[in-house]
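Chains as they are written, first to last, in this note's numbering: chain A, 1 to 577; chain B, 1 to 243.
Please keep in mind that the hints were generated in silico from the structure rather than gathered at the bench.
Ideal Cβ positions, reconstructed from N, Cα and C, are used throughout, including at glycine.
It cannot be assumed that every hint is accurate.
Each computed SDA-like pair below joins lysine to any residue, with the alpha-carbon atoms no more than 20 angstroms apart [said to hold, decoys possible]: (1) B:Lys115 <-> A:Arg154; (2) A:Lys147 <-> B:Lys213; (3) B:Lys44 <-> A:Lys147; (4) B:Lys112 <-> A:Ser152; (5) B:Lys213 <-> A:Arg154; (6) A:Lys112 <-> B:Arg190.
Here are some chain B residues pointing at chain A (derived, C-beta under 10 angstroms) [as the list claims (entries may be wrong)]: (7) Tyr28; (8) Lys30; (9) Arg52; (10) Ile59; (11) Gly83; (12) Glu84; (13) Arg87; (14) Leu100; (15) Ile119; (16) Phe129; (17) Val143.
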Amino acid sequence: MRYFPVIVVGGGLAGLRAAIEVNMHNIQVCVLSRVHPVRSHSLAAQGGINGALGNHARGVYDSPEKHAFDTVKGSDYLGDQDAIIRMCNDAPLRIYEMEHWGCPFSRTSEGKIAQRPFGGAGFPRTAYAEDKTGHVLLHTLYEQIVKFEHSSERADIVVLDEMLVTSLVVDDGRCVGVVALNLKSGQFEAFQSDAVIFATGGSGRIYSNSTNALISTALGIYIPFREGAPLKDMEFIQFHPTTLIGTNILMTEGCRGEGGFLLNNKGERFLANYEDSKNAMEVAPRDIVARNIQREIDAGRGFENSYVHLDIRHLGEKRINERLPGIRELCIKFANIDPVVDPIPVQPGQHYTMGGIDTDINGASEIKGLYAAGECACVSVHGANRLGGNSLLETIVYGAIAGRSCAEYVSSLSKTKIGTEIIEARLRDEERRAKEIVSKDGDYIICDVRDKLAQVMAQKVGLFRSESQLKSALEDIQEAREKFAKVKFNSKSKSLSYNYEFINYLETEANICISEVVVRGAIERRESRGSHFRIDYPKRDDAQFLKHTIARYSKGEISLSYKPVKIVKWEPKERKY
Amino acid sequence: MDKVIFEVFRFIPEENKSPYFERFEVPYTKGMTVLQGLLYIQSKLDGSLGCRFACRAGICGSCAMHINGVYRLACETQISLLGEIVRVRPLGHLPIIKDLVVDMTEFWNKYKQIKPYLIHSSSLPEREFLQSVDDREKLTKIVDCILCGACYAACPVVGTHKDYIGPHAFTKANRFIRDSRDNGTLERLRIVGGEDGIFRCHTVFSCQEVCPKDIDPSGSISELKMLTTRLAFTSFDKSKIKV
């Protein structure tokens, strides 16, 4: 059994940033990732990363405080204000740090980091690298990992890729290690560790219409949830207004930030016809724009009853090539249209999981030694609706914070390397469970159960929710659970090496459980706030629901409770743009 | 077209004596990509089919493979452009772990050889390093590399000289050499100009042809050859090397 003082699960931006931070404290750290780090979904982020740098001509009066206020308001006052203020204060520092490490940001004419307008932001504060910001940030962090992998100045950073963590081991309330499936060998391996940082990304694939990578399933948060770590605010799911028809591939908010229009089938900029978007128009926050697009489609003013047009033609070929080259490439390859000459067919699609593993402002969960950062965590800085450009920011700010507090925790421990027997026992449990799974011979195909459930989530737990639809979704989840108990394993080879049917099994189990958490939270939240819109309760209700939903798992049962929102500076007001 | 035939390379070194192609019939839907076809096989016909994937949008670089004669990304290759038979094989030059999954260890190790990170000499500014729009323009395209391995698999020199560093790593080296903030040009030129370096390139443009991001590794190799040559002739005064 291998031992590392700290294990990071997940090799995306939050995970790599956390690992670098732990390593800066001269503590050996191991990153376990189901894919090679540069394959992580962080790289699909396009538009940019927010920080009050004041580099844009119209941004000179911007400040971290204004950034924080925009974020609080964007969150529909559900975000914890202390966490948001901390993130916005750290933003310039972390963005400059990425630049110093080599991140190739686009530039202003003065040679500074270029910034563009984004939804819900009072100033143009979204720093970008064309429309490939996530890609360049992820490669930059991986380059820093390579630089310090075997540096003489610090302890080692070990990256073990294609290691799928399947289980977290907790001994007497303290996190002591993980069990992972080595995809190359097909064997389970046990890892002992004094602390674990989860950075496994979002759970987007519980929805069929997601922009997320195929690997962004609920497995990452299900593992700690099953061991007793509570989840927070899971009913808040962001639907991105503009995803490419058919594949739901993301069409960045930058398209609108750069001046693109949303048009209905009459060629009107229909956002002008809605009270909540008539002022900010295309750069209103995502929840508002997504709902108004759906309303337009439902009223018969869309195209083929399923999409509207995102028109960037008037920006001209030169500007599109300069600012949005990736969007042009995606449209040509996946929709066979060129946005220089055609409008882009777009519809809202699942995009981001605002909720996640409940952590404090230092990234620590309720379980001793278990930390979380990035999309899988909920600090919470996004509350009921995340602003574009704040997710990349959260990964590097809270990745660093979780790394630091984890390093301090590990340094303070008097007893390390504990729980050997319980970890070994868990390893044997996992091996036994795998044998049972591969010999399953029921009636249903695993992927069918998974896909059917994902469609239910998209249809009944989407932009517009109601008690009857949500309760019906709950019944569908129960049906999925029953079918899941009777699946068959149809792989010809039973080896677990790159056996995706086996991985699908684990993911489907997780998706069923986490879907239920989302739906249960949504049923109980009888109000409309941010991304969570109830047609039967269309108003925000601060008296009853200005609070975080907390879900716990114990002996197969999910229970809900609530905890207060941290309001330290701005009293909730009506959210108007 | 309502169905398409997939001929998929299968090989599990521990279980099979030799590789073989297995035929699968996959129902075709409009807009279907090669990756979607492979995922159909994985979910409905044989869950043990090994292949890598993640983003399904041409940006993560997981699913480069040999598709109807060309190295390309499965996720962004439309079946309608290929016809009724899709024949897929894994990336060349790399040991096979299972079916379409290859062991990329040597690919990553070679990438690491060229010091793939910014090396700056000056002390750090309080804010960002300033970089002109023109200097940033030199990085456009070249920073798009997704390290998918298509160029590496297509390169004939990689196939004949085991230690050849490879087009992906040379492109990365050039990305940093072109960067106005970087100060590691000499160290990197010494590495890429060495025994296993750029001078082994036959300039047949295979890497350039297959690159899914149109990055032109061949162009980078030519640039590096020029710089290395200039370095050789001005070695008595390194300050004369202009990048």
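Which earlier hints can't be squared with this structure?
The structure conflicts with hints 2, 3, 5, 6, 7, 11, 12 and 13, although it agrees with all the remaining ones.
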